[in-house]
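As a plain string of letters, each chain reads:
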Amino acid sequence: MKREIYLDNAATTKPHPAVVEAITRALTANFGNPSSLHRKGLDAERVVRAAREAVALTLEVTPEEIVFTSGGTESNTLAIRGVAGVTKGRHIVTDKIEHSSVLTPIRRLAGEGFEVTELPVDAAGRVSPEQVGNALRPDTALVSVMAINNEIGTIQPIEEIGRTIKRHRAAGGAAVFHVDAVQAWGKIPLRPRAWGVDLMSVSAHKVHGPKGSGALCVRKGVRLAPLLGGGDQEQGIRPGTENVPGIAGLGAAAQLIGRDFDEAIRRMAELRDRLRTALAVVPDVRINTPAQGAAPHILNASFPGVRGETLLHRLEMDGIYTSTGSACHSHRVEPSHVLLAIGLNPDLATSSLRLGLSRFTTEDEIEIVEAAVISAVAELRALVR
Amino acid sequence: MSATFLLRYGEIALKGQNQRYFLDTLVRNVERAVADLGRAEVRLAFGRVLVRTDAGADPAAERLRKVFGVVSLSHVRDVDLNLGAITTAAIEMAEEAIESRPDIASFKVDTRRADKRFPLTSMETSSQVGGAIHTRFPHLRAKMRKPDLLARIEIRDRAYLSTESIPGPGGLPSGTGGRALALISGGIDSPVAAWLTARRGAVITPVHFHSFPFTSERSKEKVMDLCRVLADYAGPLELWVIYFTDIQRMIQLRVPDALRVLVMRRMMMRICDRLAPRVGALAIITGESLGQVASQTLESVSVINAATALPVLRPLIGADKTEIVARAEAIGTYEISIRPYEDCCSLFVPAHPRTLPTLDEVQRAEQGLDAVALVDESLARSECIRISGREAVPSAMNSSA
Numbered sequence: 000m001k002r003e004i005y006l007d008n009a010a011t012t013k014p015h016p017a018v019v020e021a022i023t024r025a026l027t028a029n030f031g032n033p034s035s036l037h038r039k040g041l042d043a044e045r046v047v048r049a050a051r052e053a054v055a056l057t058l059e060v061t062p063e064e065i066v067f068t069s070g071g072t073e074s075n076t077l078a079i080r081g082v083a084g085v086t087k088g089r090h091i092v093t094d095k096i097e098h099s100s101v102l103t104p105i106r107r108l109a110g111e112g113f114e115v116t117e118l119p120v121d122a123a124g125r126v127s128p129e130q131v132g133n134a135l136r137p138d139t140a141l142v143s144v145m146a147i148n149n150e151i152g153t154i155q156p157i158e159e160i161g162r163t164i165k166r167h168r169a170a171g172g173a174a175v176f177h178v179d180a181v182q183a184w185g186k187i188p189l190r191p192r193a194w195g196v197d198l199m200s201v202s203a204h205k206v207h208g209p210k211g212s213g214a215l216c217v218r219k220g221v222r223l224a225p226l227l228g229g230g231d232q233e234q235g236i237r238p239g240t241e242n243v244p245g246i247a248g249l250g251a252a253a254q255l256i257g258r259d260f261d262e263a264i265r266r267m268a269e270l271r272d273r274l275r276t277a278l279a280v281v282p283d284v285r286i287n288t289p290a291q292g293a294a295p296h297i298l299n300a301s302f303p304g305v306r307g308e309t310l311l312h313r314l315e316m317d318g319i320y321t322s323t324g325s326a327c328h329s330h331r332v333e334p335s336h337v338l339l340a341i342g343l344n345p346d347l348a349t350s351s352l353r354l355g356l357s358r359f360t361t362e363d364e365i366e367i368v369e370a371a372v373i374s375a376v377a378e379l380r381a382l383v384r
Numbered sequence: 000m001s002a003t004f005l006l007r008y009g010e011i012a013l014k015g016q017n018q019r020y021f022l023d024t025l026v027r028n029v030e031r032a033v034a035d036l037g038r039a040e041v042r043l044a045f046g047r048v049l050v051r052t053d054a055g056a057d058p059a060a061e062r063l064r065k066v067f068g069v070v071s072l073s074h075v076r077d078v079d080l081n082l083g084a085i086t087t088a089a090i091e092m093a094e095e096a097i098e099s100r101p102d103i104a105s106f107k108v109d110t111r112r113a114d115k116r117f118p119l120t121s122m123e124t125s126s127q128v129g130g131a132i133h134t135r136f137p138h139l140r141a142k143m144r145k146p147d148l149l150a151r152i153e154i155r156d157r158a159y160l161s162t163e164s165i166p167g168p169g170g171l172p173s174g175t176g177g178r179a180l181a182l183i184s185g186g187i188d189s190p191v192a193a194w195l196t197a198r199r200g201a202v203i204t205p206v207h208f209h210s211f212p213f214t215s216e217r218s219k220e221k222v223m224d225l226c227r228v229l230a231d232y233a234g235p236l237e238l239w240v241i242y243f244t245d246i247q248r249m250i251q252l253r254v255p256d257a258l259r260v261l262v263m264r265r266m267m268m269r270i271c272d273r274l275a276p277r278v279g280a281l282a283i284i285t286g287e288s289l290g291q292v293a294s295q296t297l298e299s300v301s302v303i304n305a306a307t308a309l310p311v312l313r314p315l316i317g318a319d320k321t322e323i324v325a326r327a328e329a330i331g332t333y334e335i336s337i338r339p340y341e342d343c344c345s346l347f348v349p350a351h352p353r354t355l356p357t358l359d360e361v362q363r364a365e366q367g368l369d370a371v372a373l374v375d376e377s378l379a380r381s382e383c384i385r386i387s388g389r390e391a392v393p394s395a396m397n398s399s400a
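Residue numbers (numbering that gives the first Met the number 0), protein chains in the order written: chain P, 0 to 384; chain U, 0 to 400.
Calculated directly from the structure, the hints in this document are not laboratory data. Keep in mind that this is a model prediction, so the values were computed, not measured. No residue lacks a Cβ here, since even glycine has one placed at the ideal position from N, Cα and C. Any given hint might turn out to be false.
Ranges between beta-carbon positions, derived for each pair [as the list claims (entries may be wrong)]: (1) U:D319 / P:G110: 37 to 43 Å; (2) P:G318 / U:P310: 54 to 60 Å; (3) P:P119 / U:P255: 41 to 47 Å; (4) P:D346 / U:T357: 32 to 38 Å; (5) P:E3 / U:P255: 49 to 55 Å; (6) U:P255 / P:D346: 22 to 28 Å; (7) P:R89 / U:S105: 53 to 59 Å.
All chains should be built: construct the whole structure from the sequences, respecting the hints.
Right under this line is the structure:
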């Protein structure tokens with residue numbers, strides 16, 4: 000078979016064998032319901048408890064602060080609607096380049112009487128802590144800013160924003176701070192407690208775990224209105240029989256994160272830098288990922304004159320899987336809101352390619368990808384000129 | 000569960016010596032349409048097709064209403080040929096109809112007597128049964144025009160009663176009209192053109208031009224889904240996915256941009272010209288509608304047509320877009336056609352395509368292309384996919400890859 004190079008790890012990752020094994024065990028040996036009183040129930044409960052501890056360890060929080068969900072979208076929705084359901088505030092602060100699973104629930108709340116401030120970002124995609132500070136009001140209920148942007152890899156100044164919100168609270172404010180860390184988990188150190196983050200979303204499938212499994216880290220004392228009604232699982236915040244196989248997979252993925260974390264992110268960053276340098280020689284290229292303060296696993300670049308989607312399929316012919324910064328809607332290409340927000344014109348935005356590395360990406364692979372992208376861009380440009 | 004249907008066919012009744020051939024084909028197609036739903040008996044009965052199936056009425060009707068040649072069908076109840084049995088059945092059916100539509104205020108009984116041995120005339124039967132219904136449901140008013148409830152009684156080998164008539168697609172049975180290649184782009188028009196031709200009895204062999212990486216795997220999947228809808232009506236199809244990437248690339252490199260779409264369409268015709276004898280096709284069907292885009296002016300159409308000796312049928316040539324859309328919605332292809340994946344016609348579309356080309360200038364523009372070699376290579380790298388309509392279990396769920 001032709002060699003395949005999977006470089007779309009910001010979309011999803013290949014489950015690790017240890018994850019597959021943990022899930023299989025939960026589906027075969029430990030299939031019980033954690034709420035059951037018998038031994039089978041206890042076995043399943045132990046699986047859930049171990050996973051909870053593993054996830055908590057990666058975020059340096061206590062296991063009681065981890066609520067299991069069906070993934071990033073649910074974690075973000077639970078955080079946003081959960082706060083909206085109990086707050087007395089009427090105002091929400093976020094920014095223009097959040098993931099749709101943050102923007103959509105917030106925009107729905109705008110239709111339900113909340114006032115929303117969507118902050119702009121600078122050319123690197125960065126939110127300014129000062130602007131967050133200026134946006135805060137006595138009735139601000141929630142601030143939601145992502146840790147790493149999923150399209151261009153920009154790292155947001157979460158710690159500084161957290162300090163700003165702490166000062167606001169010291170002055171009588173009540174804003175809750177939510178961070179969508181789906182793209183950041185396993186890629187940068189995350190310290191929600193030290194940074195003053197109240198709610199943090201993570202997802203299993205971005206870190207070699209299964210799809211349909213994630214968690215919301217809820218700081219002790221933060222109240223949330225549940226989205227679902229049912230039993231008292233997950234302290235009643237997220238009722239429903241636990242997705243034990245998914246949770247087991249999430250736990251195994253969390254353990255993987257802890258294993259030589261520093262070494263893994265250093266290697267990813269090196270490979271990303273190598274890619275960056277190699278692609279910089281392509282005429283008229285625009286690298287959309289900032290040179291400083293960016294995630295180790297994402298490189299986004301625009302190649303004017305080439306449609307991102309066509310480039311993606313051309314690379315696919317070489318067995319290389321990537322993604323674009325645009326989605327095609329019935330014969331009209333709609334550029335990404337993130338690329339537009341950092342100032343790209345629609346042409347540049349629709350000619351972008353996103354490469355997503357994983358901790359298992361090798362130097363050999365990157366070498367092949369560099370050459371393939373350079374020659375594919377040249378080939379396609381020859382056709383459209 | 001079981002259900003009985005009476006299928007009406009229109010045009011076939013007018014056929015002369017060939018009528019038997021059309022009817023036998025229709026019966027076979029009806030059998031195939033319901034075969035996987037359970038045991039079924041299909042036979043001709045006094046100018047109708049009678050279907051008795053072990054399947055439920057709704058799933059069976061869903062299949063039967065898509066069989067070409069069927070003008071309309073009714074879920075019927077059949078009883079012995081005596082007035083008592085007919086009246087009892089009619090009252091029961093009226094009762095069921097009132098239960099599901101409590102607003103029914105008027106009714107009419109309509110009898111057709113194909114078997115004249117039945118002692119009562121149609122009028123007498125209607126009035127006897129109508130009287131009995133009125134006695135049982137005094138609030139129902141007899142109404143001759145547009146009644147809320149129309150009870151139909153057909154006197155044939157048995158009495159067949161129905162209260163609803165479902166429209167069929169009409170046309171002629173699949174397989175009675177020869178074979179034609181149908182160009183399927185993934186857009187709204189081409190599946191409608193293929194469907195209209197198939198409705199006249201032709202067997203359709205869909206042809207799709209695939210230009211990966213300029214179009215995605217998903218656009219091929221979309222064409223397969225469109226063909227599945229066509230196969231729901233016409234039976235299993237063989238879709239040809241033509242490797243078009245190199246042709247597209249050569250056109251892009253060697254043909255002036257205002258003439259590219261025309262040359263591309265001509266290359267498609269040349270490929271069909273070669274494919275047709277291999278699959279036994281006698282014509283090419285396209286979804287062109289006069290004046291809709293630059294390549295659909297009469298000047299363009301004639302230049303494109305000159306690339307093939309086969310008849311090119313354009314069932315939509317006189318249709319407006321709104322009519323085509325309405326038809327696509329009725330057939331069930333519209334929702335698939337508007338999925339976003341690009342087809343090869345919309346890629347590389349020049350800003351100012353020529354609308355009034357001459358054959359001479361287009362032939363000159365093609366001089367840089369080795370058309371024969373390109374067509375050869377393209378056909379050698381093409382694939383034929385069998386499409387069999389609805390699948391009990393989606394194949395992706397079973398694959399072990």
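Now the hints, each set against the structure:
Separation of D319 of chain U from G110 of chain P is about 38 Å and conforms to the stated range, judged on CB atoms against 37 to 43 Å. Between G318 of chain P and P310 of chain U the CB atoms are about 43 Å apart, so this pair departs from the stated range of 54 to 60 Å. The hinted range of 41 to 47 Å is satisfied by P119 of chain P and P255 of chain U, whose Cβ atoms lie roughly 45 Å apart. A C-beta distance of roughly 35 Å is found between D346 of chain P and T357 of chain U, which places it inside the suggested range of 32 to 38 Å.
For E3 of chain P and P255 of chain U, the hinted distance range of 49 to 55 Å is not satisfied, since their beta carbons lie about 39 Å from each other. At roughly 24 Å, the beta carbons of P255 of chain U and D346 of chain P sit within the given window of 22 to 28 Å. Checking the proposed 53 to 59 Å range against R89 of chain P and S105 of chain U shows it holds: the Cβ atoms sit about 57 Å from each other.
Hint check: violations occur at hints 2, 5; the rest are consistent with the structure.
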